[in-house]
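**Q** Below are the chains, spelled out letter by letter.
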Amino acid sequence: MSFIRFDKVTKDYVMGDLIYRAADNISFDIEKGEFVIVLGPSGAGKSTLLNLLGGLDYVTEGSILIDGNDITKYDEKALTIYRKDSIGFVFQFYNLIPSLTAYENVSLIKAIKRDTMDFNEALSLVGLSEHGNKFPSQLSGGEQQRVSIARAICKNPKLLLCDEPTGALDTETGLMVLELLQMLSRQNGQTVIVVTHNAHMALVADRVIKLRNGKISEVVTNQSPLSVREVSW
Amino acid sequence: MLLRKMIRDMKKNLGQFISIFLMAFLASFVFAGINAEWYGLQTEAGRYYKETKLADIWLIGSSFNRGDVKKIMELSGVKDVSLRFSLDFPTYSNKDKILNINVIEDNTLSLPKVVEGSPLNTTEDGIWLDQSYAKANSLEIGDQIQVEIPGTIFKKDILGLILHPEYVYSSNDSGSFMPDHDNYGFGFLYASSLPEDLSIEYNQILMSIDDRSNEEGIIAIVENMFADRFMLVINHDSHLSVSSFNNEIEQNKAMGGVFPVVFFLIAALSILTTMTRITNSQRTQIGALKALGFSKNKILFHYVSYGIWIGLLGGLLGLITGPLVIAPILFIMQKSIYTLPKWSIALSPISYIIVALLALSCGLSSYLACRGQLKEVPAASLRPKAPKSSSHSRMEKSKLWYKLSFGIQWNLRDIIRSRIRSLMAIVGVFGCTALLLFGLGLRDTINKVSDWMYKDLNVYEDKINLDSHTFKEDIAEVANSYSGQWIQESPIELKSDSKKENGFLTVLDDGDEIRFEDVQRNRISIPSKGVGISYKMAELLDVKAGDNIEWRIYGQKDWARSEISVIYRTPMGQGIVINKDVYEDFGQSFNPTSLLTSDRIDEDISMKAIENIQNKNTLINSFNELLESIRMIVLILVLGAILLGSVVLYNLGALSFTERVRELATLKVLGFHPKQIRSLLSMQNIWLTILGIIIGVPIGFWLVDFMLSTMPASLDMRIFISIKSVIISILGTFIVSVTVNSLLSRNIRKIDMVSALKSVE
Ligand SMILES: Nc1ncnc2c1ncn2[C@@H]1O[C@H](COP(=O)(O)OP(=O)(O)OP(=O)(O)O)[C@@H](O)[C@H]1O
Ligand SMILES: [Mg+2]
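Line by line, the protein sequences are chains Z and X. If you read the first sequence in my numbering, its first letter stands for residue 120, the second for the next number, and so on. If you read the second sequence in my numbering, its first letter stands for residue 8, the second for the next number, and so on.
Calculated directly from the structure, the hints in this document are not laboratory data. Please note: incorrect hints may appear among the correct ones.
[To be verified] Computed cross-link-like contacts, DSS-like style, restricted to lysine-lysine with a CA-CA straight-line distance of at most 30 Å:
#, chain 1, residue 1, chain 2, residue 2
1, Z, Lys277, X, Lys765
2, Z, Lys232, X, Lys765
3, Z, Lys229, X, Lys682
4, Z, Lys196, X, Lys765
5, X, Lys757, Z, Lys232
6, X, Lys615, X, Lys142
7, Z, Lys329, X, Lys765
8, Z, Lys277, X, Lys410
9, X, Lys765, Z, Lys151
10, X, Lys757, Z, Lys196
11, X, Lys587, X, Lys623
12, X, Lys765, Z, Lys203
13, Z, Lys277, X, Lys757
14, Z, Lys192, X, Lys757
15, X, Lys479, X, Lys564
None of the values given here were measured: they were computed from a predicted structure.
Next up, chain Z with everything else stripped away, as it sits in the complex:
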């Protein structure tokens, strides 16, 4: 059985009398260690899908199996543990804590988890070992995003979820971040799922999931993905 299985997942948003279906009967599989890109126009349901996978929101119907466990059956407490142990999240707006330095933003994980990566190692992995003492406001956007990646991976998560991590960055910096994510997947065998608007990135992924109007329009598996550098040239 696959590492991740979406099985007929439906998500409705209820707004008063209106019901909006943001995910409509979605099913797909993802294998361990894959680098997955989620593509789709705005409002297609990409974030919805990632949030469901990350245990931030509840499905309306269907099940999501991670390593054989159905997380849609989890209660709040179990979901918290699931997020803590299994998930690393990276957002478009880095969501660092402004009053903590880069290093402190990463090392705060020790408050909830024991078996973490060494925090300095996590920072040097994202190329920021020199900047640990800076506050988020003293870092560039790309650097901030890399801190938030370091924070996500130092938990040793089963699954790294990135919702438009390059959305607020310029092209060059965005590419650097994507390269980093691909490297994590290739070298560390980390399962990474990235939502992006950059259609070219379809070429670098092991698997591409395309969404439209809350439905899957296409799932492509790539036998020989390119590296990010190659695509950007």
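On the provided structure of chain Z, position chain X with the ligands as indicated by the hints.
**A** Structure of chain X with the ligands alone, referenced to chain Z:
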């Protein structure tokens, strides 16, 4: 359009604006309430004194006559002069009850105010009686009472019930400060209605003068004029009733000034933080307004008006309700001590000024909050605000910092980053602790005074007061029946090199019915050399042990000079104590005024020498009455404290919560359990609470001390706050803090991670 925007903004930040409103309201509520009370008393007393033509100066002596009146009348600056006979007599029917009998002629000064019955009239035959005394003894107009004047006893009909401006505070006893209307009252009658064969000697001259500022000069002239006679001069400052009542007013004035300050401060600070937050979140709106062509000043004025409106509305509501709620509550207590014809509230102009100040300072706070915002370059407002440079303080460079847990780091930085918010929390907490401690401490202190006075110092059971006109044989009758300690108590004048005061002399015969303690409350005895002086009197005269003082009994001519051998402390009746032998060495004869005894005495006993018998329990009971009324004040203080603490902490907690909601959502996403987040939030709360308490406890002590310092000179209360009260204040503050915190942290569960993190605000 801007007005509508303001109302919408206020609705959006309802919690914060309500709490600012509440603080502004409370500040003016308390201030105006107390102000209306003391100003009302002052106004009412002024009117009463004027209506009854209260004298300015009293000469107490003997054998005054019309010639003296005429002589004084001729002095420049003297407006009016009257003669009066006034003396305390036991009522014939009951030896314990004392009536101060006043005989007047066609007097114009210090007239009684008739509240019931026939108006004053020189031709009427009868007595006008103290209304409170009549009430306490169920006497009515038309009843007959017996009056005793040296030489005769006669009966008079009660013509009317009266109040008198010299008896606003009516007490004949230095050992109790609650009036005892049941046993002490006064009556007025005209000389023409006295029995034909009785001739009385006037012993008082009452004077009114044109200008109070000439008082000293006139007193000096009069003293000189009667230099050959024994005479005591009293003015408003030394008149028991007038000065006690003035003291009361001063005391309330002082109290009314202190408390609102905390609320005032909180209101201004709350505005500052709230407005900073609002203008912060409305950067784009401000930009849009600018683009629409609104001038910078207009925008600034728009935000400043938030503060002014809130301050004004809260202040005005307080101004209206404070006098209606607080003043009557304070009146309840005062009515048990003072007698006034009318109790009314009156706002002094200061109250209106305070409300205006309140609105202005709220406006100023919002001005300070927005000024920075308007100056900022638009580009800078896009990035999250950089922490101030002090964020990397020396503390953080130390090794220790890295050892601290994330929660401590986070909270420490947050406190440093939002200094005003933290400061406010501390002010709110210490206000809460200090008010609680003040209320409870006041109660403790007064409770303690009762024990101190009636259990530790005055160990006797009964005090048998002797008639001042008795013969030795009559006293012997008492001495044969009861055993105890004889004492002589006399009012005296005291003088040091620089100061002059009035007080009491106590001459002690052998015995152990009355005890003394030094300043540290260790028991001491009065040495057989020199005099002991009470602590408060020593302070008033600015003397210490080893110094010399001079003293003389009222009406005597020569001053005695004594060395102070010891300083003792007593809550009531300040003066000096001397042993009988030392006293007699001055050539004085010991004339006992009371016998202190531990025997239980039958109250109805009747002996010639006995004027009345005071049982200690009666005194303790009247003290407890005072405590009863203090309870009301304690309740108000406790409620105020809780309200202050919870409003401030809730407001700040909500503020901090909305400011950090994004960070909290992030932590949730990372897998922090709500319980963990809650303890992170409460950590800061607990630190600030502890800090506030540490500051609040000494301030509470100081408040009690301050309150005691405004007490009349004859009282020397020592601050006493029990450990229990301290613990209750601290625990109470903690409970408020923890309750508010748990109310707030319920919201953590409700944080919607997805929407909280969706976009940059
Ligand atoms: N809380 C919500 N309530 C109602 N509708 C919602 C809610 N969240 C999302 N939606 C709707 O669900 C749809 C999918 O939203 P989602 O955020 O997943 O889109 P997306 O693919 O991530 O778009 P984008 O690329 O713009 O981020 C959208 O049409 C959106 O309007
Ligand atoms: Mg999205």
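**Q** Against each hint, give a clear statement of whether it holds in the structure.
**A** Hints and how they fare:
{"no.": "1", "hint": "Z:Lys277 - X:Lys765", "verdict": "24 Å, holds"}
{"no.": "2", "hint": "Z:Lys232 - X:Lys765", "verdict": "26 Å, holds"}
{"no.": "3", "hint": "Z:Lys229 - X:Lys682", "verdict": "16 Å, holds"}
{"no.": "4", "hint": "Z:Lys196 - X:Lys765", "verdict": "23 Å, holds"}
{"no.": "5", "hint": "X:Lys757 - Z:Lys232", "verdict": "24 Å, holds"}
{"no.": "6", "hint": "X:Lys615 - X:Lys142", "verdict": "28 Å, holds"}
{"no.": "7", "hint": "Z:Lys329 - X:Lys765", "verdict": "21 Å, holds"}
{"no.": "8", "hint": "Z:Lys277 - X:Lys410", "verdict": "29 Å, holds"}
{"no.": "9", "hint": "X:Lys765 - Z:Lys151", "verdict": "28 Å, holds"}
{"no.": "10", "hint": "X:Lys757 - Z:Lys196", "verdict": "14 Å, holds"}
{"no.": "11", "hint": "X:Lys587 - X:Lys623", "verdict": "24 Å, holds"}
{"no.": "12", "hint": "X:Lys765 - Z:Lys203", "verdict": "20 Å, holds"}
{"no.": "13", "hint": "Z:Lys277 - X:Lys757", "verdict": "27 Å, holds"}
{"no.": "14", "hint": "Z:Lys192 - X:Lys757", "verdict": "20 Å, holds"}
{"no.": "15", "hint": "X:Lys479 - X:Lys564", "verdict": "25 Å, holds"}
Checked against the numbered hints listed earlier, the structure breaks none of them; every hint is satisfied.
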